[in-house]
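In order, the protein sequence lines correspond to chains A and B.
Residue 0 is where the first sequence starts when you use numbering that gives the first Met the number 0, and the numbers rise one by one after that.
Residue 0 is where the second sequence starts when you use numbering that gives the first Met the number 0, and the numbers rise one by one after that.
Worth flagging that the hints you see were computed from the coordinates, not collected in a lab.
A hint or two may mislead.
[As the list claims (entries may be wrong)] PhoX-like mimics (lysine-lysine), calculated; alpha carbons at most 20 Å apart, straight line:
#	chain 1	residue 1	chain 2	residue 2
1	A	K48	B	K99
2	A	K72	A	K22
3	B	K48	B	K129
4	B	K133	A	K99
5	B	K23	B	K72
6	B	K23	A	K99
7	A	K99	B	K99
8	A	K36	B	K72
9	B	K115	B	K48
[Unchecked claim] Covered stretches of chain B (in silico footprint by chain A; criterion: 3 or more residues with CB under 8 Å from a CB of chain A, positions within the stretch not fixed):
#	segment
10	109-119
11	159-165
12	169-175
By construction, the Cβ of each residue, glycine as well, lies at the ideal position given by its N, Cα and C atoms.
There are 2 protein chains.
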Amino acid sequence: MIRLFHVPLSPFCRKVRLVLAEKKLEVELVEERYWEKDPDFLRRNPAGKVPVLRMDGMTMSESTPICEYIEEKYPEPALMPPNPEARYEVRRLVSWFDDKFHQDVTSNLLYERVNKKITGEGYPDSRNVKAGAKAIRFHIDYMAWLLDQRRWLAGDAISLADFSAAAHLSSLDYISDVDWHRSQTVKDWYAKIKSRPAFRAVLADTVPGFPPPAHYADLDF
Amino acid sequence: MIRLFHVPLSPFCRKVRLVLAEKKLEVELVEERYWEKDPDFLRRNPAGKVPVLRMDGMTMSESTPICEYIEEKYPEPALMPPNPEARYEVRRLVSWFDDKFHQDVTSNLLYERVNKKITGEGYPDSRNVKAGAKAIRFHIDYMAWLLDQRRWLAGDAISLADFSAAAHLSSLDYISDVDWHRSQTVKDWYAKIKSRPAFRAVLADTVPGFPPPAHYADLDF
Numbered sequence: 000m001i002r003l004f005h006v007p008l009s010p011f012c013r014k015v016r017l018v019l020a021e022k023k024l025e026v027e028l029v030e031e032r033y034w035e036k037d038p039d040f041l042r043r044n045p046a047g048k049v050p051v052l053r054m055d056g057m058t059m060s061e062s063t064p065i066c067e068y069i070e071e072k073y074p075e076p077a078l079m080p081p082n083p084e085a086r087y088e089v090r091r092l093v094s095w096f097d098d099k100f101h102q103d104v105t106s107n108l109l110y111e112r113v114n115k116k117i118t119g120e121g122y123p124d125s126r127n128v129k130a131g132a133k134a135i136r137f138h139i140d141y142m143a144w145l146l147d148q149r150r151w152l153a154g155d156a157i158s159l160a161d162f163s164a165a166a167h168l169s170s171l172d173y174i175s176d177v178d179w180h181r182s183q184t185v186k187d188w189y190a191k192i193k194s195r196p197a198f199r200a201v202l203a204d205t206v207p208g209f210p211p212p213a214h215y216a217d218l219d220f
Numbered sequence: 000m001i002r003l004f005h006v007p008l009s010p011f012c013r014k015v016r017l018v019l020a021e022k023k024l025e026v027e028l029v030e031e032r033y034w035e036k037d038p039d040f041l042r043r044n045p046a047g048k049v050p051v052l053r054m055d056g057m058t059m060s061e062s063t064p065i066c067e068y069i070e071e072k073y074p075e076p077a078l079m080p081p082n083p084e085a086r087y088e089v090r091r092l093v094s095w096f097d098d099k100f101h102q103d104v105t106s107n108l109l110y111e112r113v114n115k116k117i118t119g120e121g122y123p124d125s126r127n128v129k130a131g132a133k134a135i136r137f138h139i140d141y142m143a144w145l146l147d148q149r150r151w152l153a154g155d156a157i158s159l160a161d162f163s164a165a166a167h168l169s170s171l172d173y174i175s176d177v178d179w180h181r182s183q184t185v186k187d188w189y190a191k192i193k194s195r196p197a198f199r200a201v202l203a204d205t206v207p208g209f210p211p212p213a214h215y216a217d218l219d220f
């Protein structure tokens, strides 16, 4: 049995969940209050972060190495293109979303509004929220620019890059922080990825104290 | 011709330099004052970071995707093991050093002491320096624990994980921030990697205003 220790709105956990679901690998989800630094959990992952995946007799951390492992071990349906140049582009965009988008946007919006409350760190810092709201516009424009040239973010086939981006955007959409009016191209891309069966579980998530907006799970948003 | 836009003490740039040198790929180095946000440079890399690598007709950013590309395109000598489980472990440790070690140690020591001065951001914050000096001990102990079970960090063959770790440690060693007395095992590992021909160019680096200590380039430190 595959078991994932996660928190529902973490984009890094969502990326792993989406990739597992796309590969039709069933997973048991265990919510992990990682900020409480439970010794059992720290034994599983000395970095003290989620996701942690138990699979094939291994206990794995770090979402991108986990996704690369799943892709190598369960190559169908493919989420990485065959040639090195195109694979580079997928990995570059995964890093773009997990590093830059995460730092510019996710940490300023989701972590300020949700994580701080859940972990008892206090109220959102409005300067950070403002910075995040400004930065997401730049990122949506960048996505629109990419999608004007390609069917999916990294090329003409769906890839890990799309799931990495969709993991961040879906978490932000849960707290109504994505302005879907900014780009029809990006909205169309999200509608396509949102309607995949792999997305269903993510759309069914609910976090106590943070009810999702009505459009969150609506495929026709 | 391969061209790398870099700064000498950046561990991410060093990782790419080490991997290129290990593969015997010649590279022209161009120092890039990325913090001045030169429009030409931002055109090359909208994330505004180094390293940026021009190679095979592509302009690439993000050090790990770059290294994966080089590994796929120039597989000899191998810096990735053949099976998915071992490859996962390499990628996990690359992330460990580039995310956790970087955040806990490199940004608290190197960026406080060197980058702030070079970029005109002011003086080191002594709380950060103290936190970095404390954290590096934990990381050296973790490396010693890994190296007690394996010849190299991720297994019995040298890999990207070793170059990622050595890139961070060599930059910190340049400012005398590594206590080599803490673990003979880690010191032996660094002596082995430091004596490889691929390391020569990194040991010859000098940064104006920051002369390296005598032991920095000494193979018998």
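Here's how the hints hold up against the structure:
1. For a cut-off of 20 Å, the pair hint linking K48(A) to K99(B) stands: about 10 Å separates their Cα positions.
2. Between the alpha carbons of K72(A) and K22(A) the distance comes to roughly 10 Å, so the proposed pair stays at or under 20 Å and holds.
3. Restraint check: the Cα-Cα separation between K48(B) and K129(B) comes to about 26 Å, which exceeds 20 Å; the hinted pair is violated.
4. With a C-alpha separation of about 27 Å, the suggested pairing of K133(B) with K99(A) is violated against the 20 Å cut-off.
5. The straight-line distance between the Cα atoms of K23(B) and K72(B) is roughly 13 Å, inside the 20 Å bound, and the hint therefore holds.
6. Between K23(B) and K99(A), the direct Cα distance comes to roughly 31 Å. Violation of the 20 Å bound is thereby established for this hinted pair.
7. A distance of roughly 16 Å separates the Cα atoms of K99(A) and K99(B); the hinted pair therefore holds under the 20 Å criterion.
8. Straight-line distance between C-alpha atoms of K36(A) and K72(B) comes to about 41 Å, which puts the hinted pair past the 20 Å bound.
9. Of the supplied pair hints, the one linking K115(B) and K48(B) holds, its CA atoms being roughly 16 Å apart against a limit of 20 Å.
10. Against chain A, the segment 109-119 of chain B contributes 0 residues with a C-beta closer than 8 Å to a partner C-beta. That does not satisfy the three-residue criterion, and the hint is violated.
11. Restraint check on the segment 159-165 of chain B versus chain A: 0 residues with Cβ-Cβ distances below 8 Å, three needed, restraint violated.
12. Counting residues of the segment 169-175 of chain B whose C-beta lies closer than 8 Å to any C-beta of chain A gives 0; at least three are required, and the coverage claim is violated.
In this structure, the earlier hints numbered 3, 4, 6, 8, 10, 11, 12 are contradicted, and the remaining ones agree with it.
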